[in-house]
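Undergrad: One letter stands for each residue in the lines below.
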Amino acid sequence: MISSQRPETHECELDCNLRVLRELPFFAGIPAELQRVMAYLCEREAFSAGQTVLEEGQPADVAVAVISGALVIEREGVVLGRVAQGMSAGGLALLGVFRSLYTLRAETQTECLLMHRRALLPQLVARPEALAGMVREVIGSVVFWDHQRLERGGEPHVHGPGVL
Amino acid sequence: MVTKRTLYSWVLEKNVRWQALIVLLVVATVGIRIFPLELQKRIVNEAIGLGDMDLLILYCLLYLGAVLLASSLKFIINLLQAFIGQTTLERMRRSLFAHILSLPMSFFRTIQPGQVINSLINELASVSGFIGSAVSVPLINVCTLLAMGGYLFYLNPLLACLSFVIYPLQIVIVPKLQKRGNEANRHRVNVSRAISGSIGEVITGVHEVHGHAAFALENEKFYGQTQQLLQANNRMNAYRYGIKFANNFFEHLGPFILFLVGGGMTIRGLFDLGALVAFLSAYSSLSEPWRELMDFYQLKEDSLVRYKNVMAAFDVAPEHLLVPVDRGVHRFRGDIELRGVTFRTPEGTRLIEDVNLHVRPGEMVALVGFSGSGKSTLAKVVSQLMPYTEGQARIDGNEVRTLTKLDVAENVGMVPQHPFIFSGSVRDNLLYASRSSAANGVPGFITPDLDRIIEVLQQVGLFLDVLKFGGQAVITPDEKPELVERVLAMRRLFRQRYEGDFLDDIEFLDPDRYMDFGSIAQNIVFGDFIDRRVRFEEAHRHKRFVAFLGEIGLEEELVGFGVVVAKATVPILRYGAQTPELYAGSPIPREEVEKYAVVVDELASRTQADLKAASRTLLLRLALNFVQGRHKTVRMPENLKERLLMARREFRETFARSGQGALRFYEPDLYVESRSIRDNILFGQPKPGRPGAMDRISEHLVQLLIEEGVLESIVELGLEFQVGSMGEYLSGGQRQKIALARVFLKAPPVYILDEATSALDNASQARVQNFLKAVRGRHTVISVVHRLDTVSHYDRIVVMKAGKIVESGPYDELMAAKGVLHDLVAKA
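Chains as they are written, first to last, in the numbering used here: chain A, 0 to 163; chain B, 8 to 835.
None of these hints come from the bench; they were simulated from the model. All residues carry an ideal CB built from backbone N, CA and C; glycine is no exception. Heads up, a few of these hints could be off.
Stated by the list, open to error - Under 10 angstroms between C-beta atoms, here's a sample of chain B residues computed to sit facing chain A:
#: 1; residue: 586
#: 2; residue: 591
#: 3; residue: 765
#: 4; residue: 811
#: 5; residue: 813
#: 6; residue: 815
Starting from the given sequences, assemble the full structure and let the hints guide the process.
TA: In structure tokens form, the structure reads like this:
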């Protein structure tokens, strides 16, 4: 018998989504209640092997976290990397409008957590402190990329944002 | 031009015979109005004075008859006024609407849709009252005043002169007030128009409001605007009622003089009582026509202000004729020549400058360049959607600015980046251009048939979407018995061939399995109500159903489950920003969150058993409407699912015993009327979140449709899919595909595509490019292209920068020259 006094022991989809989100650095600076709302707004989708999750050149409006399986990253037909279980891609799509720089394709049967900008961004905008937290994570990532580029001996003429 | 017409010009146009009839009725009415006044005098002086009962009765009956006749005539006059007013209003609106549609595109950049709606619907509505009464009201009332005045002079010239002394005062004072009232009215009209425009803008851009959560900002803006409108209305009403006050005062000043002077004369024997009664009655009868004239004057002034304001707002001459006069529509080959074409804005900015371009018939040209380089402007100039201030733009030697709208429409098909989708069906949108050609009587034009529509749908990659829409249609055996038979046949085939492949992807209707994608109520009933008005969402109100739950001991369990769902869901809904997405997957609708919040608070101090009845009902409803597959906040325990499956069996037995025919249970050989065609074939529904499986299911379904010979029937149903307001039920890609198909169905000699495939997936983009390659040589194509990886097959690439053409030539040549195109491709 269901009782409001006894807590549930089985995990619902929201709690499963929350577990995934908490592992993502992008969401580290967000308060717990907002993480719960965002977990509620995420959607799960299962992709067959070879199916496209995100297409190069198409408007990027969703971030993807892999729950099980793996995705390959392709650009102009060339495989550049993989997004494995526990990893995510496309976090910047939550904040801004641009065309995807790569294609994400399921390598095997893959279950993903999809975070749509249209659902999540209004929640961030309504909580400026959370948005600031996410932006700090983005800044951290950009600094990290610039650092890597410098370590590699970057191009002499650098355009765009960054520490240089 | 309709905007140059005066308001009075509408009064007689097509209304002459009705207005003439009104004049006749008015003359008759005036005569009949005088008769009762004379009768009053005779009743007093002759019948009552001489004590003649028979004469009294006769005069009274004649009086009643005259009053009835006058009233009947007035009733007919009023009806005629209303008829004239409304029919003229209808003509006025049609003329103005036709004029508005013909206005240059630049005009629509300066006006909001809401302003147009307000002008056409609200502002012109009150003008109809004036038009209807423009002849009858002044005529009847002036004639009545003259007749009454004449009668008053007949009775006593001195008293008559005294009673008329008030009117000149009124004639001086009231118009002054009216003038101020008119100014206030004009201001009100302007404020009203501005607020309508603002509302239209916000609604059109509501996605921006939601995206930036700008609810507080927009509400504050609207508050300021409504305050302005309130003040304007208050000011106008102050003047309006001030005028009424003045009229009323003067109206009562007259009788005051008459009682004083006339009464004194009667006391001194200079005037008989009967004549005084008749005089007072005649004078009081003057007030009504006088008031009607004053009201008419106000109405006239108000209507003039509104009419002038409305016409002034649209007093712009169309740039082009709509249809050719004295010749047929041009048929071009598609030779486009631009020489020195420049478009300079009123501020002096040159959006395109000195453009020279020659596109031969059948050539495919891609226009590329950075944002703001003038590509879209050039495309719009050729399509006559923007003017050009210098140079020549010609199609087959004909200057674009001299062509009529129909010439351009029949020869140029323009697809913008953000096409407009009309409310209505997919078919309505696809055939919009074709139906327009038919409506314009274009010779030789044939409306596309289903085969042609299907061909074009495949060319733009919309065929599967339309098939999907058709699959989502809900039909009944009564409406389409043959199709239902074929659907049941397909169901059997699908089960035989594919059931095992999709056990994880489709939720089949199985009496022994819990439906995760059905509500608890639907799971218990496992059938449909024959009366389609009965809804599962209201199951908690169904006394017998609730009694059944109580009998099998399930009611309390479900209330308890409702508690769990409420406690898990309410905090999320209260914390989150209130967006539509927040409620899309919520078991609690937006308008009821606070109710459930109160229940959750109640549970802090009470046990479930002590809950108020209203709270229990809310919780029961929440539980009965809970859908495990959609509502994420709680996971249903397996033992509850088992319990509900038992309830399903018990329900069926109970229902069978009661002998009612209100339900139809799900049976493998019966069509489920509440479900779509697709779900009937599957005898279940695809589980969401499995796009790969959905593609495979769709492939099998298409195969079955072809085998059973019903593919076209499903396409026909799909074409009737209602796309919602401005295509809200369509994705961006679907909207672009419809816009492309719309133009391809018209098949004009020239296609102009302005980033028309930007929202399409790569496969659909490739389809469209293949179609364009296939029509090369038969149709001229000018395509503004953003994605440079799709231009290599064009005959020529034209590169624009800062409004000018900087490079032009085949792709390979330009790339080899390592110029601007090469740089653009490298940066992409």
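Undergrad: Now tell me, hint by hint, if it's right for this structure.
TA: These are the hints, each one checked on the structure:
no.: 1; hint: 586; result: 5 angstroms, holds
no.: 2; hint: 591; result: 8 angstroms, holds
no.: 3; hint: 765; result: 9 angstroms, holds
no.: 4; hint: 811; result: 25 angstroms, violated
no.: 5; hint: 813; result: 22 angstroms, violated
no.: 6; hint: 815; result: 25 angstroms, violated
Of the hints listed earlier, those the structure fails to meet are numbers 4, 5 and 6, in rising order.
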